[in-house]
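Peer 1: If you want the building blocks of each chain, they are given just below.
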Amino acid sequence: EAQVTQNPRYLITVTGKKLTVTCSQNMNHEYMSWYRQDPGLGLRQIYYSMNVEVTDKGDVPEGYKVSRKEKRNFPLILESPSPNQTSLYFCASTPLGAGTEAFFGQGTRLTVV
Amino acid sequence: AQSVTQLGSHVSVSEGALVLLRCNYSSSVPPYLFWYVQYPNQGLQLLLKYTSAATLVKGINGFEAEFKKSETSFHLTKPSAHMSDAAEYFCAVTPEGYNKLIFGAGTRLAVHP
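Protein chains in written order, with my numbering: chain A, 50 to 162; chain B, 745 to 857.
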């Protein structure tokens, strides 16, 4: 089954404690991205990657890091989380090409206290 | 920069009534347009997409949307609402040549008996 898998689904952490949210896709897609969803703002792109070892900033990259060492994996790293990073996070995977469909993970609800 | 406006953060309809969710985009060049649905505690799922093949696009679960270039709109409709349609709906655009999705703020649809 084609899918994007994120872990964990729920996470509560304290300010400053480094964390990683994992994302894996089994569709061999080149393009992967991270979004955060906040009420009234929709989803905003944090980082994206067009292929292995190729990553770039999205619209709200501050406080986040990513890596793409393998095509299937695209982890999101918060080196020093702060309360304003409390949000719902989605990983998405898309084949390269105009107008292609993005496949989303189930989401990770992060609370930073 | 491209943007998407969804009129109405909350829409409430009776079961069996027409569903109309509004979406306007800003672009001098018609982009690729999408409607995604998010059921509670789930990721986003593609309802339908416009990629210039036809202005009236049919999607899953009886939804359809019409692309109107003169109005820069891509409103989502369904003739008869079901209780199972209760969810949050997002309109999104992808600029030409990119895979990045730019989302509207979302519209939460409630369906009451």
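These are calculated hints, taken from the structure and not from any lab test. Note that the coordinates shown come from a computational prediction; the quantities given were computed from them, not determined experimentally. Certain hints may be false.
What the hints assert, rightly or not - Label pairs and their computed distance ranges (CB to CB):
1. A:Ile61 <-> B:Ser796: 16 to 26 Å
2. A:Leu137 <-> B:Thr795: 34 to 44 Å
3. A:Leu137 <-> B:Ser828: 28 to 38 Å
4. B:Tyr842 <-> A:Leu137: 35 to 45 Å
5. A:Asn122 <-> B:His754: 19 to 29 Å
6. A:Val101 <-> B:Ser770: 25 to 35 Å
7. A:Thr62 <-> B:Ser814: 42 to 52 Å
8. B:Ser747 <-> A:Pro88: 10 to 20 Å
9. A:Val63 <-> B:Ser758: 25 to 35 Å
10. A:Asn75 <-> B:His856: 15 to 25 Å
All C-beta atoms, glycine included, are put in the ideal place defined by N, C-alpha and C.
Peer 1: Note whether the CB distance of A:Val63 and B:Ser758 lies within 25 to 35 Å or breaks it.
Peer 2: With Cβ atoms ~46 Å apart, the hint is violated.
Peer 1: Return holds or violated for the Cβ distance of A:Ile61 and B:Ser796 against the range 16 to 26 Å.
Peer 2: 45 Å, violated
Peer 1: Could you say whether the range 35 to 45 Å given as a hint is met by the Cβ separation of B:Tyr842 and A:Leu137?
Peer 2: 23 Å, violated
Peer 1: Do the Cβ positions of B:Ser747 and A:Pro88 conform to the proposed distance bound of 10 to 20 Å?
Peer 2: 18 Å, holds
Peer 1: Does the Cβ distance between A:Asn122 and B:His754 fall inside 19 to 29 Å?
Peer 2: At 37 Å between Cβs, range violated.
Peer 1: Between A:Asn75 and B:His856, is the Cβ distance one that fits in 15 to 25 Å?
Peer 2: 39 Å, violated
Peer 1: Range hint 25 to 35 Å: satisfied by the CB atoms of A:Val101 and B:Ser770?
Peer 2: 34 Å, holds
Peer 1: Using the beta carbons of A:Thr62 and B:Ser814, state whether their distance is inside 42 to 52 Å or not.
Peer 2: At roughly 49 Å between Cβ atoms, B:Ser814 and A:Thr62 fall inside 42 to 52 Å, so the hint holds.
Peer 1: Regarding A:Leu137 and B:Ser828, is the given constraint of 28 to 38 Å on their beta-carbon distance met?
Peer 2: Violated - the Cβ-Cβ distance for A:Leu137 and B:Ser828, about 22 Å, lies outside 28 to 38 Å.
Peer 1: So does A:Leu137 sit 34 to 44 Å from B:Thr795, Cβ to Cβ?
Peer 2: This hint is violated: roughly 28 Å between Cβ atoms.
In terms of the numbered hints stated before, the structure departs from hints 1, 2, 3, 4, 5, 9, 10, listed from lowest to highest.
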